[in-house]
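Engineer: For the protein sequence lines, the chains are G and E, in the order given. Residue 319 is where the first sequence starts when you use my numbering, and the numbers rise one by one after that. Residue 319 is where the second sequence starts when you use my numbering, and the numbers rise one by one after that.
Hints in this document: simulated from the structure, not taken from any laboratory. Heads up, a few of these hints could be off.
No copy labels: a pair is met if it fits in one copy or bridges any two.
[Unchecked claim] Taking lysine-lysine pairs in the DSSO-like style, the calculated list, with each CA pair at most 27 Å apart, reads:
hint, residue 1, residue 2
1, Lys569, Lys336
2, Lys627, Lys402
3, Lys664, Lys513
4, Lys569, Lys637
5, Lys541, Lys402
6, Lys433, Lys659
7, Lys379, Lys336
8, Lys701, Lys665
9, Lys478, Lys436
10, Lys664, Lys609
11, Lys609, Lys679
12, Lys609, Lys569
13, Lys615, Lys478
14, Lys363, Lys379
15, Lys501, Lys664
16, Lys541, Lys436
17, Lys665, Lys379
18, Lys379, Lys609
19, Lys363, Lys436
20, Lys637, Lys501
21, Lys379, Lys615
22, Lys379, Lys637
23, Lys609, Lys512
2 protein chains.
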Amino acid sequence: MVQIYSDRVLQADSSFIKDILSLTEVEDIISFAGGLPNPISFPMKEFQESINRVLQNSGDKVFQYSGTQGYLPLRQWVADRYKKRFGMDVTADDILITTGSQQGLDLMGKALVNKGDKVAVESPCYLAAIQTFALFEPEFLPISLEDDGLNLEELEATLKNNDVKLLYTVPNFQNPTGLTYSKEKREAIFEIIKKTNTVLIEDDPYGELRFEGESLPYIAGGKSENSVLFGSFSKTLSPGMRIGYLCTKSKELMGHLIGAKQSSDLHTNVLAQYAIYDYLTNNDYEAHISKITALYKQQCDAMIAAMEKYLPAHVTFTKPEGGMFLWADLGEGISSVEVFKRATEKKVAFVPGDPFYTNIKGAGTLRLNYTNSDPETIVEGIKRLASVL
Amino acid sequence: MVQIYSDRVLQADSSFIKDILSLTEVEDIISFAGGLPNPISFPMKEFQESINRVLQNSGDKVFQYSGTQGYLPLRQWVADRYKKRFGMDVTADDILITTGSQQGLDLMGKALVNKGDKVAVESPCYLAAIQTFALFEPEFLPISLEDDGLNLEELEATLKNNDVKLLYTVPNFQNPTGLTYSKEKREAIFEIIKKTNTVLIEDDPYGELRFEGESLPYIAGGKSENSVLFGSFSKTLSPGMRIGYLCTKSKELMGHLIGAKQSSDLHTNVLAQYAIYDYLTNNDYEAHISKITALYKQQCDAMIAAMEKYLPAHVTFTKPEGGMFLWADLGEGISSVEVFKRATEKKVAFVPGDPFYTNIKGAGTLRLNYTNSDPETIVEGIKRLASVL
């Protein structure tokens, strides 16, 4: 039979992940598998007011075709916030509005990655980043993620011995681990990459969701030309609106990314861009974020307390300072895929570690989400998990 | 210097088109260059009602993450409409909601086209399709578009002598020419392609905008597995919402397209999907479309009358039965790019033919849009165009 499909989709076997996700959707299961924000983060009433204001005031503009780079006032707001939070020297021209920050991954692949190019990733790595980059048929180079960030020796050797196009990181409350890079490691990584041509992605969908400790400056964002930041309103306002953004000071890269976006979807939904901008300028965004982080801290604390109380001592896990996930290690010789099967029978679900690695099968690690269950449910779910270990 | 960008973006030189489009944005120019629907097609009041109803009734669903394939009732509506208009045997499972039908081009490239694969296109062809497919580095095979559709001898020889992955067509009111495939040619093309493994795209953003003659069945849409239809609400409700769709009866292809979409943007804006569905079920869509087509007929008639009256006899042009564009040929030895420069000095703009071809430079053809200017402005613009010929 003639093969009509492209190599890129044929080698992307996502059936394992689909099977897992379908199991987590069984009724009355306690699911720590998803990555859904708690509905508390949706400012529904205020957003409805913003939408009506926009429809009233902006007339046919939100219905018509619009510019590919995105709504200028929203881009200006994003640039101003980078300036305010981190003192970064960026302008609205350095910002591209994306259809969710997921689209940023696709655009970066399009703009940079030829078949066979080398893409360095954290190990473990956000699984949708692996899937998206995989469509550009690169060679993945995994670099171990430690408690305070990438292993520096591995990073240095990898960048020295290879022509690495892209280094993908999630420096704050990483997906899947919940880990955050230390200030020292950020500085050390900057020193290592600035001697190379490798483009660094700092994907930061969770950065606003810090419930402990202090915000840290980006590794290279706003400083280096070979640097791209991703951000999102999905975790603080609404994922359904699909409004993310990326930031780079490289004019040339921005030009290619805008071209790639034009081919991908012309531009992002206009009403959502206007409405989010209206919301941000007419409401107390900081207070809204504080409400979310207070809840997530409580949920995270509940999960950690339950894990300490109910799980066997050989199980270790991360203690996030923010974000939505924590990461457990069941210990030597235990496959979390096997545990997953028993767990779903007991009506509790998580994501086994395997799909977060580019080169490991049968891992003993697993990802737990705490943002979408109340503390009581979290305790019950951890008890169920304990019962199958 | 080390080249960090991908081959695909480096070979995509869109500066010519950017330069042209920037010239058409000069103030007080009469622009026939764009492809904007007339604001009359935006049901702003009714849409605002739909949005408020959705926000009231669907609570947090429209704010949360959602399924990649799209909102089921909207997919069902699209399938039902195909059934009603063309008797097609399709279900909601055969429909994928896309972020504008532009995204369909990207997803089809992702799912099918390896570097060097052969992609057959109409000559002339919708320029954004050329640009989008070009990012997958195919070999383009242009097939002449005649008044009643593709040249059958060229099509047959092209498909016979080459392993063609994809054949891209716009059978109704084609962009850029405004031409519509005859019933006979549709049937003949179906007979030719059904013997091959070539996947046929029928891109149909304008199909609802018929102001003369009768709707014709698709070439292969709803009949063949190796067939994909694209549709859109951009030309009948709002391009700013970015809601398009595609339809294929191939389960395997649909699986790959959903996977590709998940990597591209996870899913399309949820509020827009719900609101469009609510609009469609609570308003008279046919009456709304009739209002648009009545206006476009009047504008098209005005342009044709002015062209007959003011342009020299050696200029020939198409007479569309619907859609948004017509196509003029200035005659042997005249470059429309040269005419374009003189035209913009006289404050009238169009798109020269060159970017619509994969293999022709210095063409004498040009595209004129009539949907976004009133008849008086159209007459004045054609007079200005006549003055530089």
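Engineer: Regarding Lys664 and Lys609, is the shortest C-alpha distance of 27 Å or less found within a copy, between copies, in both, or in neither?
Structural biologist: neither (33 Å within a copy, 59 Å between copies)
Engineer: Could you figure out if Lys541 and Lys436 sit no more than 27 Å apart (CA to CA) within one copy, between two copies, both or neither?
Structural biologist: within (23 Å within a copy, 43 Å between copies)
Engineer: Can you give me the call for Lys627 and Lys402, within, between, both or neither, at a CA distance of at most 27 Å?
Structural biologist: neither (41 Å within a copy, 61 Å between copies)
Engineer: My question is about Lys379 and Lys637: at a cut-off of 27 Å on alpha-carbon distance, are they close within one copy, between copies, both, or neither?
Structural biologist: This pair counts as neither: shortest intra-copy Cα distance 46 Å, inter-copy 30 Å.
Engineer: What label fits Lys569 with Lys336 when the C-alpha limit is 27 Å: within, between, both, or neither?
Structural biologist: Between. Shortest inter-copy distance 16 Å satisfies the 27 Å Cα cut-off; intra-copy 38 Å does not.
Engineer: For Lys701 vs Lys665, is the C-alpha pair at or below 27 Å within one copy, between two copies, both, or neither?
Structural biologist: within (11 Å within a copy, 74 Å between copies)
Engineer: Please work out whether the CA atoms of Lys665 and Lys379 approach to 27 Å or closer within one copy, between two copies, in both situations, or in neither?
Structural biologist: Between copies only: 24 Å across chains, 49 Å inside a chain, cut-off 27 Å.
Engineer: Within a copy, between copies, both or neither: where do Lys609 and Lys679 come within 27 Å Cα-Cα?
Structural biologist: neither (39 Å within a copy, 60 Å between copies)
Engineer: How do Lys379 and Lys609 come out at 27 Å by Cα distance, when the copy is not named: within, between, both, or neither?
Structural biologist: For Lys379 and Lys609, the Cα distance is within 27 Å only across copies (20 Å; inside one copy 33 Å).
Engineer: Pop the pair Lys379 and Lys336 into one bin, within, between, both or neither, using alpha-carbon distances up to 27 Å.
Structural biologist: between (39 Å within a copy, 22 Å between copies)
Engineer: Within a copy, between copies, both or neither: where do Lys501 and Lys664 come within 27 Å Cα-Cα?
Structural biologist: Neither: 41 Å inside a chain and 60 Å across chains, both beyond 27 Å.
Engineer: With identical chains, the pair Lys637 and Lys501 could be close in the same copy or across copies; at 27 Å between alpha carbons, which is it: within, between, both, or neither?
Structural biologist: For Lys637 and Lys501, only the intra-copy Cα distance (17 Å) is at most 27 Å; the inter-copy one is 66 Å.
Of the numbered hints stated above, those contradicted by the structure are hints 2, 3, 4, 6, 10, 11, 12, 13, 15, 19, 22, 23, listed in ascending order.
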